[in-house]
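Colleague: Protein chains in written order, with my numbering: chain E, 1 to 211; chain Z, 1001 to 1254; chain Y, 2001 to 2309.
Simulated from the structure, these hints should not be mistaken for lab results.
All values derive from a computational prediction rather than experimental measurement.
The beta-carbon is built from N, C-alpha and C at its ideal position, and this holds for glycine as well.
Fair warning: there could be bad hints in the mix.
[Said to hold, decoys possible] Computed cross-link-like contacts, SDA-like style, restricted to lysine to any residue with a CA-CA straight-line distance of at most 20 Å: (1) E:9 x Y:2022; (2) Y:2278 x E:80; (3) E:9 x Y:2054; (4) Y:2090 x E:80; (5) E:9 x Y:2023; (6) Z:1052 x Z:1018.
[To be verified] Covered by chain Z, per the in silico footprint, the following chain E stretches (three or more residues, Cβ under 8 Å): (7) 126-135; (8) 172-183.
[Claimed, not checked] Okay, the calculated beta carbon distance ranges per label pair: (9) Z:1077 x Y:2071: 54 to 62 Å; (10) E:63 x Z:1070: 55 to 63 Å; (11) E:63 x Y:2224: 42 to 50 Å; (12) Y:2259 x E:1: 31 to 39 Å; (13) Y:2095 x E:35: 31 to 39 Å; (14) Y:2095 x E:71: 34 to 42 Å; (15) Y:2182 x E:81: 50 to 58 Å; (16) E:59 x Y:2238: 38 to 46 Å; (17) Y:2136 x E:15: 54 to 62 Å; (18) E:1 x Y:2071: 26 to 34 Å.
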Amino acid sequence: MSPLEFFFKNRTEILTLTGEHVWLVGVSMLLAAAVGLPLGMLLTRWPVGRRPILGAANVIQTVPSLALFGFLLPMPWLGARADRLAITALTLYALLPIIRNTYAGITGVDPAVREAARGMGMTDRQLLFHVELPLAWGVILAGVRVATVISVGIATIAAAIGAGGLGEFIFRGLAMVNNQLILAGAIPAALLALAADFVLGRLEGRLRVRA
Amino acid sequence: MTPDAPVIEFRAVSFELPSGPPLLSGVNLGIHRGETLVLLGRSGSGKTTALKLINRLLEPTAGSVQVEGRATQEWDPIVLRRRIGYVIQEVGLFPHFSVERNVGLVPWLERRPAAQVRARVRKLLELVGLDPDGFAARYPHQLSGGQRQRVGVARALAADPPLLLMDEPFGALDPITRVEMQREFRALQERLRKTVVFVTHDLSEALRLATRIALLEAGRLAGVYSPAEFLAAAEPAAAAYVAAFRPETNASQP
Amino acid sequence: MRLRWLLAAFLFLTGCTPDRGNTLIIGSKNFTEQVVLSELLAQHLENRTGLRVQRRFYLGGTYICHQSMLAGRIDLYPEYTGTALTAILKDRPQGGPRGVYERVRDEYARQFNLAVAEPLGFNNTFAIVIRGEDARRLNLRTISDVARYAPQWRAGFGYEFMERPDGFEGLARTYSLTFGSPPRIMDLGLLYRALLEGQVDLVAGNSTDGLIAARDLTILEDDKGYFPPYEAVPIVRAETLERHPAVRAALEELAGAISDEEMRRMNYAVDGEHRDVKDVAREFLQKKGLTTSAGNRSNSAGTSSTRRG
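Next up, chain E with everything else stripped away, as it sits in the complex (with noise of 0.2 Å):
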């Protein structure tokens, strides 16, 4: 069978694993930015809190995703359930690109602006989400596309843990030596990654200003 026929046999199965893969990568990248835009918003006012916080993300991010995953397992609430870890692991892989960027996003604006809205009687919150943040959106959001690509690839990892997606069929693949099955999962996976890719770069370009 042509992988095109392999495809369109399992096309049910191909689109359920797709779409919890969907699910997965969306709902840990709603939690991130819950979090991290936020946290990234208060490094900005509490410089002494930078190091700290972006350190714990960094570390977190250099743990290999499977080692993260198996970190979890034990927790009480956490590792019960397979896609709570996956969501809670997914989530703290996307937080550093996110508190990062927002932190750079918000302290790259032209200090000339800032001066100019201080001196004309802004408050701190004022200035924050009328001057800052709007002009801080695109890189705010480069920094989600980013951790929106690695999540949909750290995401296959997480059928290792039984949480499901795409990765399944390429786990099940490799126990079945079956070709097929691999690039049923590995081909939607990519093209996911991609699309995302695009579709928030459109995104980040539509709001970025021109200075």
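Given chain E's structure and the hints, the job is docking chains Z and Y onto it.
Modeller: Relative to chain E, chains Z and Y alone:
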């Protein structure tokens, strides 16, 4: 406050950073309503520092700066700054706001009704010589340097503040545009009669615009003069300035 | 604006799953017997209930299959009572095969809302296997007999056996087995080859491994009764049974249908003779008279509902 008391007063003001020499020491200066006081000095003389002490972007390490009879530390900084127009050399327009939104910033922060703000913005753009229909919808990156600074001035005037602080506002412009802006500013000032504190290192600009010139040298106030007095001053720092700018001063019109 | 459109598309994609209405998904672990059992169950359910059955074999080990059940990604898979008791419920075996089965059935229903059907008929417990010639030469019949030779022998075990609480650790303690060097850990599929080639002297295989019958290998008797019973049972999601009541009747038909010897032979057919799993499963069902005469017929769903009662 009595009518002829200074609007802004520096009382034995010093400012120094934790590491390093004082940027200002023992400055005593009074600025009167309606005058254009030019803070003149070389780079590092402390003139920008002095300016920033007025709208509390910086706070004195010794002495106090009084604005309208109250020390800056006693003012709510936001309220203080909204009463003071601020124009800087780099302009600092918000790149993501249209010209209209930029100019209308402070009234918008003060929650004025939208229609009122729009009308005011139109008036101000005309005031600074920009056609509202042509410019209101444009964005800063579409403007030339001179146009941007005009918008900057309009923005500073939007809430009709009694005080105006200007930090080398025309310094980044080409010489022809600069002279043009100076001339227009003088005309504007004659109409509006704001109290202006203007920082520059350029003597000819000072002579053109000032009602009084305060000379700063290495963080100290070397003296306060009218333009004519300055040219004839015996004070060595002033004389050095005049000597350095001699070719221009001969050709300048007070 | 654009953002709302993207959000809607995202929600749509994650929320909409293909209609599972008339499809059952059967999973299996990573080894031959599991695949044979699952294929057998799949064909039987197809025959009897007229539902479409999707096969997701080689999912991994016990943990992954269990997680997939909990998450609803599979409806059914074959488990062993001993494994369920020790690896999932983290409980200690007692009360003999029936006791273990009932405890698993009750706890799975209570904790996970999973139904455990009647055992399929064979007990795939761990088999401590040695070469036939060694058994004869040294007159070894039980695991206790082997304890004496352990220090000079090398053992080979799979990952799961090494890690499981009901695996090597307990065995070594119960029989005072101390091997000269640490046991070699290898893939299940390679254990017997290593044993036959002399790379190891003792392996922990499964009592229904096909190779045991086909080659000169001896299973040592578990005289101290260390290994818990591992009766094969189909585990189904309660939700699935509710949605498709015919499944329950179909599974009841298979209770006690497969003996140890029959399972061994099926395993050997696939592993040793390299026959197709589908053929092996079909032949077994035909032999037992469990297929309708023409194979899959959709009116078999009607048949099973009248058989219930």
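Colleague: Take the hints in turn and mark each one as holding or not.
Modeller: Evaluated hints:
1. For the suggested pair residue 9 (chain E) and residue 2022 (chain Y), the alpha carbons sit about 17 Å apart, so the restraint of at most 20 Å is met.
2. Among the hinted pairs, residue 2278 (chain Y) with residue 80 (chain E) is inconsistent with the structure: their alpha-carbon atoms are about 35 Å apart, more than 20 Å.
3. Simply put, residue 9 (chain E) and residue 2054 (chain Y) have alpha-carbon atoms about 12 Å apart, close enough for the 20 Å limit, and the pair holds.
4. Distance restraint check for residue 2090 (chain Y) and residue 80 (chain E): the Cα-Cα separation of roughly 13 Å lies within the 20 Å cut-off, and the hinted pair is therefore satisfied.
5. Proposed proximity of residue 9 (chain E) and residue 2023 (chain Y) is supported: the alpha carbons are some 15 Å apart, at most 20 Å.
6. Straight-line distance between C-alpha atoms of residue 1052 (chain Z) and residue 1018 (chain Z) comes to about 17 Å, which keeps the hinted pair within the 20 Å bound.
7. Residues of the stretch 126-135 of chain E lying with their CB closer than 8 Å to a CB of chain Z number 4, which satisfies the three-residue condition for coverage.
8. Judged by the Cβ-Cβ criterion of 8 Å, the stretch 172-183 of chain E is not covered by chain Z as claimed, because only 0 of its residues qualify and three are needed.
9. Range check, residue 1077 (chain Z) to residue 2071 (chain Y): Cβ separation about 55 Å, and the 54 to 62 Å hint holds.
10. For residue 63 (chain E) and residue 1070 (chain Z), the hinted distance range of 55 to 63 Å is satisfied, since their beta carbons lie about 57 Å from each other.
11. The given range of 42 to 50 Å is respected by residue 63 (chain E) and residue 2224 (chain Y), whose C-beta atoms sit roughly 43 Å from each other.
12. The given range of 31 to 39 Å is respected by residue 2259 (chain Y) and residue 1 (chain E), whose C-beta atoms sit roughly 36 Å from each other.
13. For residue 2095 (chain Y) and residue 35 (chain E), the hinted distance range of 31 to 39 Å is not satisfied, since their beta carbons lie about 49 Å from each other.
14. Taken as a hint, the range 34 to 42 Å holds for the pair residue 2095 (chain Y) and residue 71 (chain E), whose Cβ atoms sit roughly 36 Å apart.
15. The given range of 50 to 58 Å is broken by residue 2182 (chain Y) and residue 81 (chain E), whose C-beta atoms sit roughly 34 Å from each other.
16. A C-beta distance of roughly 43 Å is found between residue 59 (chain E) and residue 2238 (chain Y), which places it inside the suggested range of 38 to 46 Å.
17. Checking the proposed 54 to 62 Å range against residue 2136 (chain Y) and residue 15 (chain E) shows it holds: the Cβ atoms sit about 57 Å from each other.
18. For residue 1 (chain E) paired with residue 2071 (chain Y), a C-beta distance near 29 Å keeps the hint of 26 to 34 Å intact.
When the structure is compared with the earlier hints, violations turn up for hints 2, 8, 13, 15 and for no others.
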